[in-house]
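**Student:** Make the full structure from the sequences, and use the hints.
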Amino acid sequence: LPEKIKNEYVSYLHSPLKRSERLIKSKINKMLNENIENLKNEQLKGSDYSCSNGNNSNTIDSNDQIQYDFIPEDEEKCWDDYYTQNVDKVRPFTGFTTELAVNIITELLKGKIKKIKIDNKEYLSPISENDPIMEIGHGNHPMAVQMFEKWGTVGRYIGVEFSGLASREALKCEKLNNLFLKRKVEFIKVLDMKYYKDDYLNAVVTQSNISPQNTKTDFIKMHTFKYIFSKSTLDYITCRMDHIGNCFDWEEDLQISPSVVEMFNSLSDSLQNCKNNKGNSYIIFVEPNNSSKFRDHILTIFKVIYTATFKYDSSAKYLRLAKINNGIKACGYLIEKRNEVYQDFEQMKHEFLKLIIKSAGTKNIDEADWYLPSTAPKKWTSNSTNDIEYLVKLDANRI
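For the sequence shown, position 144 (counting from the first letter as 1) is numbered 144 according to the working numbering, and the numbering increases by one without interruption.
Hint data in this document are derived by calculation from the structure and do not stem from the laboratory.
Small disclaimer: the values here were computed from a predicted structure and weren't measured.
Each hint should be verified, as a subset may be incorrect.
Mimicking SDA-like on lysine to any residue, the simulated pairs with C-alpha atoms at most 20 Å apart in a straight line are [stated by the list, open to error]:
1. Lys197 - Thr224
2. Lys323 - Asn290
3. Lys226 - Asn130
4. Lys114 - Gly152
5. Lys393 - Lys150
6. Lys150 - Arg183
**Tutor:** Structure, rendered in structure tokens:
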């Protein structure tokens, strides 16, 4: 493939989340189902069917609509298999390097950069030795090594995964293993999308130079972390939502999965509370980038915060998208935690559009409808399960 096309699709090709294949299959199945339904209707017109036969037709339709959501045990099994058996495990399925991810994080945090001295060597770092850092979904390519090489520190680093084997595979990297032995580095396995139970992190230690393996992480309280870093988490989510942003009519756009909102609630609960209404703790997502992915990722962030604010009144409502670094291969999204919430849809949309227009390199406000609806779709806060887009289940046989 030409290089520019290869770069567009590289994250899909490296990922076990084959959204593009599912989209094609779902469109074919939709056409087939519509054809079957038309044939049934023609048969019903010419026959004297009973009410019970009509009900059977409805049952088939409802079975076609069954969707799956997040199941921690299934996630663990799929990713354990991927990290230990798949030949692609030696390459990050993100489509970009951890070095590029750390460079983007550094750029987003450039206002926080200070000189620090580590082992008689000076570094320019946005974090200090004592800053609690969480990296979610680190896989077998954590950013800790590149953070240390560029900043001279990883702070008080904790890597979070649903896979219990990811950190073991990651530590086969000599540089990471050396860092692990001499710095405050721990890897843990969370047990649910809702990270906290009774105000403590509901997880177990998988690898640590501080705590014994399989220790419960009840030593980590809510509101501990200053920064949360992640690469390809939004892509991981959107690859499991076949219909996000695919509606021609915004009123038909489905509500975000409650599991995704719960994940953002957990991230918000992990961050330190805001002081004096200024963002002092942040989430940074670094994601593979092209125009479609950019739109999907923006829309996901928007829908999560909107639903958390106006339906669930949950802790993700305190999150605000503050900066975007829109690069060729990867895009960074900086989200800060505040102690204020959005008052209405218009306020949210206005703030998001300012960032979108600036980062997308366009002044054409008429393109806004492609990114966000003009008014809030009713389904986004509906209580009907039919109005929710649940995550597609991971298939272990396809990883």
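**Student:** Please name the hints from earlier in the document that this structure breaks, with their numbers sorted from lowest to highest.
**Tutor:** 5
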